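Novice: Spelled out, the chains give:
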Amino acid sequence: MRKTIFVFALISIFMCSTQQELMSQATFVNLNIADKFEKIIKGNFSLDKLISARRGGGSFGRSRGISRPRSTTRSTARTATRPSNPQRTPSFGGKRMSSQQAQAKYGVPRKVQPMSGTNAAGSPVNYNVHHYGGFSSSLMTGYMMGNMAWWMMAPSMLYSRPVYVEKGDGSIDVYPPSFDWGKLFTILIIAAVIIYFARAYRRNKNRVVSNYSQSSFS
Amino acid sequence: MPTLSIESNGMLEKTAVYYNGSQISGIKELLVNIDEEGLFDCVIQYEGSDKKLYTKQIFTDTLTNVRTVPASFSEEEAQLLQLLTIESDGDVESSTLFLNEEPLDGVVSLYLHIKVDKNKDGISSIFKKKQYNLINETFKSEITFRNEDDSLETEDIFL
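So the sequences go chain by chain: A and B.
For the first sequence, the working numbering assigns the number 1 to the initial residue and increments by one for each residue that follows.
For the second sequence, the working numbering assigns the number 1 to the initial residue and increments by one for each residue that follows.
In short, the hints are calculated from the structure, not lab data.
Wrong hints could be hidden among the right ones.
Derived lysine-lysine pairs resembling DSBU-like cross-links, with alpha carbons at most 35 Å apart [said to hold, decoys possible]:
| id | chain 1 | residue 1 | chain 2 | residue 2 |
| --- | --- | --- | --- | --- |
| 1 | B | Lys14 | A | Lys205 |
| 2 | A | Lys205 | B | Lys56 |
| 3 | B | Lys28 | A | Lys205 |
| 4 | B | Lys52 | A | Lys205 |
| 5 | A | Lys205 | B | Lys115 |
| 6 | B | Lys56 | A | Lys167 |
| 7 | A | Lys205 | B | Lys140 |
Computed from a predicted model, the values in this text were never measured in an experiment.
Whenever a hint applies, use it, and build me the whole structure from the sequences.
Specialist: See below:
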């Protein structure tokens, strides 16, 4: 009877759970389902033995011991696997580029302007803004300041976002955005299509009006 | 006695309608169906000066708020058009037809139906380059004569 219940439970879990759910259930991970299922088929599995074995050292199957306060400090093992980018560079927008790639692409800057700012977590971040002159430098400054002149809004659509390069010392190099020819052609094509439809509509409408100007019918 | 004149070459854009000598505009539909048996249907639908649609009997009703315009065709252009004139007071017996100012006799029947309706195709009308696709036209004009040998002959009035 106990064998039957256990087999039914295992089959239902296989049918309903995804692999992630199975991994999250620590008890079943420890049970090693494949081996146990094989033993069940061979008739060597004993649920009683399993339960008694789990009582030896697991979290379940025993009464609660002395109540201990919950630990307020977390295991350092989690911090060891922390990602290297503690939200100092924006995840969205910009381009991923290494320092060498950026230097090779942009060359020697006219001026490197240090700026300080804070990230989303509120931690101070040092930025090294590389200026190469021109409109793109102004755009980059606007992005860094979080504000730009109203007349820069439309041209900024044709430029990419600034390039952020995180350095080993924690500072971030900022390189200016580049002109995007693809965006320009796309906008021109869309504008041409709109203008074509508008002119065709007006042309057809005027043609109808002019052709029937002499007629008594309208 | 009211007089209705239609000057045309068979095409709607070269068709002018005159009522008592004045060219009128804003016409949506014109139907003239007269035969010697006594059938007399002469109806006109037009948009008045107040933008309202009026449907009137041409020879028995008063055309209220009808818009009149100066003559559209010059003398040279008029030479290329056919002029059909109908003088009537609403009865077949008192109706006289003129074609290019010449009286007609032996007329068995006269059928004239001109209608214009703008085609509301929406977006597809933008792609239609030919203007006649934008307007639904109806232009039928037939006149039937009885010849001396009692044979009937049907002709197009304006072609």
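Novice: So which of those numbered hints doesn't the model satisfy?
Specialist: 6
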